[in-house]
Amino acid sequence: MTKRFETADAFAFVDHCLAPVDRRAFEARLRKDPALRRQVALWQSQNEAIRAAYGALASASAPLELAANANENVSAWIKSAIPKQPGAAPRSANGEARAVPARAASAAPSARFRALRRLAAAAALAVIVLVVSGPGGPTPPHDRLAEAALAAYRAFAAAADAPIEFRARDPQALAKWLTPQFVRGIAVPGFSSDALTLLGARVAPGSRASAAFLVYQDRGGERVGLLIEPLDDPAPSKPSLRRSDGISLAAWTGAGYGFVAAGADPHEVALLTRLVEEGPAAR
Amino acid sequence: MPSSREWCDDAGAMRRLGLALARDDRFVCDDSSAAALVDKLFRQASLTVIDDARSDARSAKVRAFAQFIRLYRRHVRGLTADDADAGWPEAPPPAGRANASTTSAVRDLPLELRETLLLVVLAGFSHTEAAEALDIPLTAVIDRLARARARIGAHMGAAGGTAAQALRPNAAHLRLVK
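Here the protein sequences come in this chain order: A and B.
Residue numbers for the first sequence follow our numbering, beginning at 1 and rising by one.
Residue numbers for the second sequence follow our numbering, beginning at 1 and rising by one.
To give an idea of the chain A side of the interface with chain B (calculated C-beta under 8 Å), a few residues:
#, residue
1, 7
2, 8
3, 11
4, 12
5, 17
6, 42
7, 43
8, 46
9, 47
10, 49
11, 51
12, 53
13, 54
14, 209
Simulated restraints on C-beta separations:
#, chain 1, residue 1, chain 2, residue 2, range
15, A, 52, B, 58, 19 to 29 Å
16, A, 164, B, 43, 16 to 26 Å
17, A, 45, B, 77, 33 to 43 Å
18, B, 104, A, 176, 42 to 52 Å
19, A, 194, B, 58, 43 to 53 Å
20, B, 79, A, 31, 40 to 50 Å
21, B, 44, A, 34, 42 to 52 Å
22, A, 246, B, 57, 38 to 48 Å
23, A, 19, B, 30, 34 to 44 Å
A few chain B positions that, by computed beta-carbon distances, are all more than 10 Å from chain A:
#, residue
24, 33
25, 57
26, 59
27, 67
28, 72
29, 76
30, 78
31, 79
32, 112
33, 132
34, 136
It should be emphasised that the hints constitute simulated quantities derived from the structure, not laboratory data.
Every residue gets a Cβ at the ideal spot worked out from N, C-alpha and C, and that includes glycine.
Isolated chain A (complex conformation):
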């Protein structure tokens, strides 16, 4: 093997691109070659430093193939530990049937064997749950949503003369403008109220991706904002109220979206929250 291919293999190992078989072979090579091991460790530390610097450590530290390998290993372990038929002879590594005492081969699974099977099943379940849900499990995105809404409100709605990207009083027209700008579209609240008038909307930074920021105005000319961000199928939740730096926020999730109502007057925020929750959506 040439040096060029060695380097390509080392990069593939560092970047999690090797197939499981090649990965194991490369790990065996690493054990024998301390210089290569040091070089690989350096590149791995560079990768970790880059991910940490740009905030991707959490999502990238458990690559998909690692999860797949873990599942494969558990499955392989369960398969090797539990023969499909009670009387089937266990096989050695090279596939040959090992000699089994006649009494053991014909007997029903013992209590010890059943306990081992239960333990293996529990371990497999735990690994699957950990791999699927992550170590911390899903957390409500209210805090991040509220931060995004607070920033959007300060920038685009706190001042009465803050420009509005798209002016529209009709929710249908607004939905028509907003929908092509989002992969999943935006459900614009279609309520009509004398207390709050729709002024328009803009696209603003959300908690994870772009969000729609709708601006309403009350009778006194005060503006109230509504941030709507498409989320990854969040569990529905009731509005949670908070106040930050003189701005009231009500954040909740439902129907695949995160919503945050933001405004200086808590009563207007509560009113907007109620109207959005109870009203129809225009698409």
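With chain A's structure known, arrange chain B on it following the hints.
Just chain B, lined up with the frame of chain A:
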């Protein structure tokens, strides 16, 4: 078209990649400008996912990232159009800096090396996918990664880390050049 869960993950990765790519201290010097630029390019690149409903999630992801990088290159090309030599000359390898960090090491990389490295390390692309997204051969991806890692190693070594120097970070690149 990818499912919403897949696209949500990809969108996060694309934004991270975009912010790392755009914040280069040459054309974009602050985080909010980088975020605005990335937001704009992200929306345009997302359209490639919407437009083709037949493709599977993986190829849609590669195409969306490829489009994002293409748009960013076009943006950079527009900014450098007024310069006398509008190409992207490689910056000289960084010489000893007192407070060099990982981000500054990445920012000092030429665009072609930066986009390749970030695509693999930050967006989690395999080398083959990166080659597909950048429309270059696989060997070019390996070569760029080697050069990028050598430069980062040299940068961090110059910042005071002796380990990188001891491990000869340029060795991989030199092997490739041979």
